[in-house]
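> Spelled out from the first residue to the last, the chains are:
There are 2 protein chains.
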Amino acid sequence: MKQIRRNQNNKPSLYTCMSPALLNLYEVSSSIVVIIDVLRATSTIATALYNGAKSIIPVDSVAECIKLGRQMEVITAGERDGQIAEGLTYGNSPFQYPKKFIKGKVLVLTTTNGTKLLHMALAENAKGIITGSFCNLSAVCNYLVEQKHNVILACSAWKDKINLEDTLFAGAVISRVKENFNINCDSSKIAETLYYEGKHDLFEFMKSKDASHYHRLMNFGLEEDIRFCLTEDNSNILIVYEGGRLLAR
Amino acid sequence: MKQIRRNQNNKPSLYTCMSPALLNLYEVSSSIVVIIDVLRATSTIATALYNGAKSIIPVDSVAECIKLGRQMEVITAGERDGQIAEGLTYGNSPFQYPKKFIKGKVLVLTTTNGTKLLHMALAENAKGIITGSFCNLSAVCNYLVEQKHNVILACSAWKDKINLEDTLFAGAVISRVKENFNINCDSSKIAETLYYEGKHDLFEFMKSKDASHYHRLMNFGLEEDIRFCLTEDNSNILIVYEGGRLLAR
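Line by line, the protein sequences are chains S and D.
So the first sequence is numbered by numbering that gives the first Met the number 0: it starts at 0 and just counts up by one.
So the second sequence is numbered by numbering that gives the first Met the number 0: it starts at 0 and just counts up by one.
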C-alpha cells in the first residue's frame, strides 16, 4: 500500500549522492543536480557572485585555468595543498572576493573535487546544474521547491571519499524541502540525521568530530574560512551553470 | 602538532567504506576487512554458524550455488526478490537455520551484495576477512581490538547504494573500539553519529527513517527477521573467511 501511495503522490524524487564515485547510480539526466563543495569551492563561488562577479568559469586543471585566463584576460584562481597554485593569481578563500574587487569581473576558478563532479553531471546530461553551499542555502531550497523536478544532491567529497561538511549541507536542504519530494534514499536519511545532530553549531560539530577537512584547513590557519562557509545565507543567491559558466540568477 | 601526534601514537587505522563502489579508495591489502550485510546475509551467516553449521561457502550467483550444491551434496540457499531462488532449497532468513537443522552441515549460500564485496576484498588481498552483524557485534569488536591491525568496515550496501543498517553497524563497532584506532575518516564519524541517534531502539529508528531495506523487507512480511538482525550478540561468535569458506572461530 505504502509503495503504491508513494508512486501516486506525484512528488518528484530527491536523492543524495555522497561521493562522485556513486553518481552513476542515479538518474542524472532526469534531475536537477546540486553540486556541493562546502569547503570551499561552492561557498567561494556563492560569495564572488553575490558580490557582483559577472560569471565564474570552473575548470579542472591549473594549466587550463592559466590558458583560459590568458585568452580571456580575466582573473585566475585556485589552490593546491592550501597555497595559491603556481601561475594563478588568487586563492580559494571567500574573503578574497569582496565587492570592491570582484564586481563586474569574470573569474576562472580551478577546484579539484567540485569541478570534476560538475563536469560529470554535465556529461550525463543533467536536466539542470546549480551549486549549493550554506552561503546560499535558502536560495537553493526555494529553487528546488519551485522547480518541481527530480533532484540529486551531489556531494563533491574529497578525492571520492565521503566528507562531513557536504553531507551536512545535503541534510540541511533535506530538512527544509522534504515535504515536497519523495525521498526513498538512505543516504538522504543519513544526511538529515547528521544535520539535526550538528545544526545548532556546525562549526563546533565539525570540530568535535575532528572532520578531516576541518582538520586540514585548521592546519592552514583557515578557521575564519570554515566559520564563514558554515554560515547560512550570507551570500544568498541562486547560482546556475549555463553555457560553461556559473551565473547568479 | 595534532597530525604529528596522530602518526606517532602507533595505533592502527580504521576506515568505514559505505559502499562497495568506494572500496578502491582504501588500502585493502594492509587491512582486516569486516564484511557487513546486516539485512540479512551476515546476520544469517552468524546464526547458522552459531547454531553449529560446519562451514558456509558464499557464492555470487544462483547457478554457481546450484552447481556447487550438487558437486558437494550440501544444502543450497539464496533468495532473489524476497523468494527462495529457483533451484535452491532454503532462503536468507536466520530463522531457517536452527541448531536441529544446521548442526554439522555445510551450506552454500548465494547473496548479491555481501558476496560481491567479499570477493572484491579477496581480490585486493585483504590481510584478513571476517563478517560482521549485530548478531555477533561483540565478537567482531573483541577480535579487532586484539589483532591491532588496520581495519576497514566494509558495508555491502544495496546495489552500491549506501544503506542505513550497514552504516549503523559500522557505527556500533566504532563506538566500541574507537579508543584503539586512529580514525581519520569522515564516513566513520557519520556512521558513529548515526548509531548514537538510533541505538536506543534500532528497529524503531529504521522504521522512523523508513529505511529502504526496512521498507522492502516489511513488504515481504519479514518484521521478525529485521528485529532479529538488529539484536546485539544473539549469535556471538567470530566468523573468518579462510580457504573459500566462512568458519566459526
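These are computed hints drawn from the structure, not numbers from a lab.
Please note that a few of the clues may not be correct.
Heads up, the list lumps identical chains together, so a pair's fine if it works in one copy or across two of them.
In the DSSO-like style, the derived pairs of lysine-lysine whose C-alpha atoms are separated by at most 30 angstroms in a straight line are [stated by the list, open to error]: (1) Lys102 x Lys53; (2) Lys158 x Lys126; (3) Lys206 x Lys147; (4) Lys115 x Lys126; (5) Lys115 x Lys102; (6) Lys160 x Lys99; (7) Lys66 x Lys98; (8) Lys158 x Lys10; (9) Lys10 x Lys98; (10) Lys158 x Lys177; (11) Lys206 x Lys10; (12) Lys160 x Lys126; (13) Lys177 x Lys104; (14) Lys160 x Lys177; (15) Lys98 x Lys177; (16) Lys53 x Lys98; (17) Lys126 x Lys147; (18) Lys66 x Lys102; (19) Lys104 x Lys10; (20) Lys160 x Lys53; (21) Lys160 x Lys206; (22) Lys99 x Lys177; (23) Lys147 x Lys98; (24) Lys126 x Lys99; (25) Lys104 x Lys198; (26) Lys160 x Lys115; (27) Lys160 x Lys98; (28) Lys160 x Lys102; (29) Lys99 x Lys198.
> Each hint: holds or not?
Here is what the structure says about each hint:
1. For the identical chains of this complex, Lys102 and Lys53 are intra-copy neighbours only, at 7 angstroms inside a copy versus 73 angstroms across copies, given an alpha-carbon limit of 30 angstroms.
2. With identical chains, the CA atoms of Lys158 and Lys126 are at most 30 angstroms apart both within one copy (25 angstroms) and between copies (24 angstroms).
3. Proximity of Lys206 to Lys147 under the C-alpha cut-off of 30 angstroms is restricted to the inter-copy arrangement: shortest distance 27 angstroms between copies versus 36 angstroms within a copy.
4. In this assembly of identical chains, the alpha carbons of Lys115 and Lys126 lie at most 30 angstroms apart only when taken from the same copy (18 angstroms versus 33 angstroms across copies).
5. Taking the shortest Cα distances, Lys115 and Lys102 sit within 30 angstroms of each other inside one copy (26 angstroms), while across copies they are farther apart (53 angstroms).
6. Neither within a single protomer nor between protomers do Lys160 and Lys99 lie at most 30 angstroms apart by alpha-carbon distance, with minima of 37 angstroms and 45 angstroms respectively.
7. In the homo-oligomer, the alpha carbons of Lys66 and Lys98 lie at most 30 angstroms apart inside one protomer (25 angstroms), although the nearest pairing across protomers, at 70 angstroms, exceeds that limit.
8. In this assembly of identical chains, the alpha carbons of Lys158 and Lys10 lie at most 30 angstroms apart only when taken from different copies (24 angstroms versus 33 angstroms within one copy).
9. Taking the closest pair of Cα atoms, Lys10 and Lys98 never come within 30 angstroms of each other, the shortest separation being 40 angstroms inside a single copy and 48 angstroms across copies.
10. With identical chains, the CA atoms of Lys158 and Lys177 are at most 30 angstroms apart both within one copy (29 angstroms) and between copies (24 angstroms).
11. For a Cα distance limit of 30 angstroms, the shortest separation of Lys206 from Lys10 across copies, 21 angstroms, qualifies, whereas the shortest one inside one copy, 37 angstroms, does not.
12. In this homomeric assembly, Lys160 and Lys126 come within 30 angstroms of each other (Cα to Cα) both inside a single copy, at 26 angstroms, and across copies, at 22 angstroms.
13. For the identical chains of this complex, Lys177 and Lys104 are neighbours neither inside a copy (37 angstroms) nor across copies (49 angstroms), given an alpha-carbon limit of 30 angstroms.
14. For the homomeric pair Lys160 and Lys177, the shortest alpha-carbon distances inside one copy (26 angstroms) and between copies (20 angstroms) are both at most 30 angstroms.
15. In this homomeric assembly, Lys98 and Lys177 never come within 30 angstroms of each other (Cα to Cα): the closest approach is 34 angstroms inside a single copy and 46 angstroms across copies.
16. Taking the shortest Cα distances, Lys53 and Lys98 sit within 30 angstroms of each other inside one copy (11 angstroms), while across copies they are farther apart (72 angstroms).
17. For a Cα distance limit of 30 angstroms, the shortest separation of Lys126 from Lys147 inside one copy, 12 angstroms, qualifies, whereas the shortest one across copies, 49 angstroms, does not.
18. For the identical chains of this complex, Lys66 and Lys102 are intra-copy neighbours only, at 23 angstroms inside a copy versus 70 angstroms across copies, given an alpha-carbon limit of 30 angstroms.
19. Neither within a single protomer nor between protomers do Lys104 and Lys10 lie at most 30 angstroms apart by alpha-carbon distance, with minima of 40 angstroms and 50 angstroms respectively.
20. In the homo-oligomer, the alpha carbons of Lys160 and Lys53 never lie at most 30 angstroms apart, since the shortest distance is 32 angstroms inside one protomer and 38 angstroms across protomers.
21. When the C-alpha separation of Lys160 and Lys206 is checked against a cutoff of 30 angstroms, the pair qualifies both within a copy, at 19 angstroms, and between copies, at 28 angstroms.
22. Taking identical chains as interchangeable, the C-alpha atoms of Lys99 and Lys177 are never at most 30 angstroms apart, the minima being 38 angstroms within one chain and 48 angstroms between chains.
23. For the homomeric pair Lys147 and Lys98, neither the shortest alpha-carbon distance inside one copy (33 angstroms) nor that between copies (54 angstroms) is at most 30 angstroms.
24. Proximity of Lys126 and Lys99 under a CA criterion of 30 angstroms is satisfied in neither setting, with 35 angstroms inside one chain copy and 57 angstroms between copies.
25. Proximity of Lys104 to Lys198 under the C-alpha cut-off of 30 angstroms is found in neither arrangement, the shortest distances being 34 angstroms within a copy and 52 angstroms between copies.
26. Taking the shortest Cα distances, Lys160 and Lys115 sit within 30 angstroms of each other both inside one copy (14 angstroms) and across copies (21 angstroms).
27. Proximity of Lys160 to Lys98 under the C-alpha cut-off of 30 angstroms is found in neither arrangement, the shortest distances being 34 angstroms within a copy and 42 angstroms between copies.
28. For a Cα distance limit of 30 angstroms, the shortest separation of Lys160 from Lys102 qualifies neither inside one copy, at 35 angstroms, nor across copies, at 42 angstroms.
29. Proximity of Lys99 to Lys198 under the C-alpha cut-off of 30 angstroms is found in neither arrangement, the shortest distances being 32 angstroms within a copy and 51 angstroms between copies.
In terms of the numbered hints stated before, the structure departs from hints 6, 9, 13, 15, 19, 20, 22, 23, 24, 25, 27, 28 and 29, listed from lowest to highest.
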